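Student: Spelled out, the chains give:
2 protein chains.
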Amino acid sequence: MIIDIHGHYTTEPKALHDFRAAQLAGLEDRARAPSSTDLGISDDELVASVQPQLRFQRERGSDLTIFSPRASGMGHHVGNEAIGREWCRVSNDLIGRICTLLPDNFAAVGQLPQFTGAPIENCIPELERIVRELGFVGVNLNPDPSGGYWKAPPLTDRYWYPIYEKLVELEVPAMIHVTASCNPAVHFTGAHYINGDTTAFMQLLQGDLFRDFPELKFVIPHGGGAVPFHWGRYRGIAQDMKKPLLAEHLLKNVFFDTCVYHLPGIELMAKVVPVDNILFASEMLGAVKGIDPETGHYFDDTKRYVDQLQHLGEAERHKIFEGNARRVYPRLDALLKKRGRVRTEVA
Amino acid sequence: MIIDIHGHYTTEPKALHDFRAAQLAGLEDRARAPSSTDLGISDDELVASVQPQLRFQRERGSDLTIFSPRASGMGHHVGNEAIGREWCRVSNDLIGRICTLLPDNFAAVGQLPQFTGAPIENCIPELERIVRELGFVGVNLNPDPSGGYWKAPPLTDRYWYPIYEKLVELEVPAMIHVTASCNPAVHFTGAHYINGDTTAFMQLLQGDLFRDFPELKFVIPHGGGAVPFHWGRYRGIAQDMKKPLLAEHLLKNVFFDTCVYHLPGIELMAKVVPVDNILFASEMLGAVKGIDPETGHYFDDTKRYVDQLQHLGEAERHKIFEGNARRVYPRLDALLKKRGRVRTEVA
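Which chain is which? The protein sequence lines are A and B, in order. In terms of our numbering, the first sequence opens at residue 452 and continues consecutively. In terms of our numbering, the second sequence opens at residue 452 and continues consecutively.
Warning: the hint list may mix true and false statements.
Heads up, the list lumps identical chains together, so a pair's fine if it works in one copy or across two of them.
[What the hints assert, rightly or not] In silico BS3-like pairs for lysine-lysine, Cα to Cα no more than 27 angstroms straight-line: (1) LYS789 - LYS722; (2) LYS789 - LYS617; (3) LYS754 - LYS722; (4) LYS602 - LYS789.
Quick caveat, the hints were computed from the structure, so don't treat them as lab data. Since this is a predicted model, take the numbers as computed values, not measurements.
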């Protein structure tokens with residue numbers, strides 16, 4: 452089976468956007484605040500809204516997408532903490548409903564009500580709710596809730612430890628994913644997302660976080676930002692800092708997805724990053740919407756690139772498409788097993 | 452001949468560091484401010500200080516390094532504008548002296564006295580001084596003088612236009628290079644430098660700067676940050692934004708260096724970036740100091756990687772090693788011609 456570990460709900464019904472607009476308008480004029488968190492979106496509307504994703508699954512040949520709210524929509528820098536918490540619940544609830552309605556196509560990953568300056572502990576109730584009550588298999592963790600100004604302490608700081616303890620306890624990985632940028636110098640999908648990945652990796656390289664949390668698992672999206680391209684630089688900096696080899700220091704805990712939108716990029720990644728650390732993903736209906744004039748295929752049809760990696764054996768390709776995802780997301784594996792989808796092993 | 456377009460003076464005599472320390476101490480206690488900008492460094496000391504660079508030139512087989520002050524030392528976010536201007540002059544003067552003492556080995560690139568919130572016009576006198584009086588062939592331009600908080604407007608903003616007009620008038624390119632990070636979340640060589648490159652490229656992609664400045668030339672160092680690895684993403688975002696193809700939109704004006712510290716990275720770069728846009732560089736005595744245990748060679752011995760690019764013909768390799776540098780840095784070309792080093796053409 453083919454698991455796409457990185458999809459966002461970017462085809463939300465208008466009612467969700469209207470709710471958010473009312474929420475923010477309500478900060479200025481209470482009369483405009485939404486009167487209820489019931490958006491009045493029916494199950495049929497939800498199913499209709501994800502038809503583009505389902506069509507791409509069929510056309511491109513993937514089976515299941517790990518599905519989370521629109522990343523740029525998380526907006527941790529917007530409004531205040533209370534508004535953010537409400538927005539987070541509403542956004543996660545929609546994801547939960549979609550994954551319940553279409554359990555063969557989607558597994559749920561949530562967002563957290565992070566807010567600059569607020570203790571990370573404040574996110575634990577929502578994390579427990581989505582995992583224990585709604586059956587989510589992972590969560591997105593934003594290393595920069597200030598939206599492009601990098602005001603949070605690095606991921607290795609003890610500020611973050613309470614959420615890591617909970618992640619380990621619940622056996623869910625975190626995808627390190629920023630939200631929109633409110634910094635006019637930093638474009639969201641073209642700079643902030645990629646910089647977020649690179650910065651997070653470097654924070655982890657500098658620290659020794661996984662000595663304290665050997666079971667913690669992070670997925671760094673967008674192919675790890677700049678990291679595989681500069682793999683020699685990172686190996687060299689780690690060596691200059693007297694850190695262990697990256698395999699030992701980070702790669703038991705840090706994984707990369709394949710959201711890199713051209714074959715040469717994926718080829719490089721598969722050359723330098725161990726196959727056990729690569730998880731198939733497309734970020735579909737995400738950052739790039741068009742068709743590559745050089746290939747005639749969608750830029751974000753990343754399965755084609757993985758299929759073209761000549762040097763991979765079937766067992767390795769299976770790891771990228773399924774095995775690694777079931778290992779990194781044990782709650783997904785459990786869900787699938789319960790439905791009779793035993794984890795296949797390719798020799 | 453082999454031109455390395457990206458080297459920093461990271462082996463400065465102690466007197467320079469002492470001067471800077473006194474300058475900054477003087478902000479707190481005027482009695483500690485340096486009494487003179489004459490550092491008392493002799494020519495012999497200067498020549499002795501760059502022996503490590505000269506040894507690497509000999510051992511690795513490069514001829515001339517385009518040499519600029521230590522990038523992390525520029526420190527545009529430190530102190531105040533007046534202190535920064537003095538520091539900038541002192542730093543540039545040392546580079547100028549080294550390049551006069553060893554004209555066959557070094558050509559000079561300067562730093563600018565940028566300061567957050569100060570008009571960029573304030574940098575023009577120093578730019579004119581180093582180019583017209585000291586014979587510098589280029590300059591480093593910092594897109595984030597706030598040192599990791601990205602408080603400056605994007606490079607496409609009219610804020611920057613006065614310096615662009617002067618760069619065009621003087622026929623000198625700018626290397627887009629950040630300085631140290633004062634943001635604890637963002638490591639300098641492992642995150643801020645690479646993010647700076649990626650962010651600058653994306654700013655240029657979003658705008659139409661080169662319509663206003665068709666002669667302006669930017670070098671983006673460190674292989675362009677994450678850009679070649681995500682070449683498909685950038686081509687796709689440009690297309691979604693209805694921009695022309697990158698070749699038309701940016702590549703007449705934007706160039707990348709080869710400071711990527713492993714062969715697979717350089718291979719990727721040479722696969723996606725046109726050969727006319729790649730300039731050989733090592734950033735030597737820079738970010739990574741060690742020997743790669745996988746190859747037994749220094750990580751930053753980037754000439755080895757370029758030499759190993761199988762698919763390049765001699766004419767293409769010559770462009771990367773010499774031709775492109777002489778085209779992008781016309782004042783370097785003029786200097787070399789004056790010394791009888793005619794630009795060789797490889798058919």
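Student: Each hint: holds or not?
Tutor: Do the hints match the structure? See the list:
{"no.": "1", "hint": "LYS789 - LYS722", "verdict": "neither (35 angstroms within a copy, 46 angstroms between copies)"}
{"no.": "2", "hint": "LYS789 - LYS617", "verdict": "within (24 angstroms within a copy, 68 angstroms between copies)"}
{"no.": "3", "hint": "LYS754 - LYS722", "verdict": "both (17 angstroms within a copy, 21 angstroms between copies)"}
{"no.": "4", "hint": "LYS602 - LYS789", "verdict": "neither (42 angstroms within a copy, 51 angstroms between copies)"}
Checked against the numbered hints above, the structure violates hints 1, 4; every other hint is satisfied.
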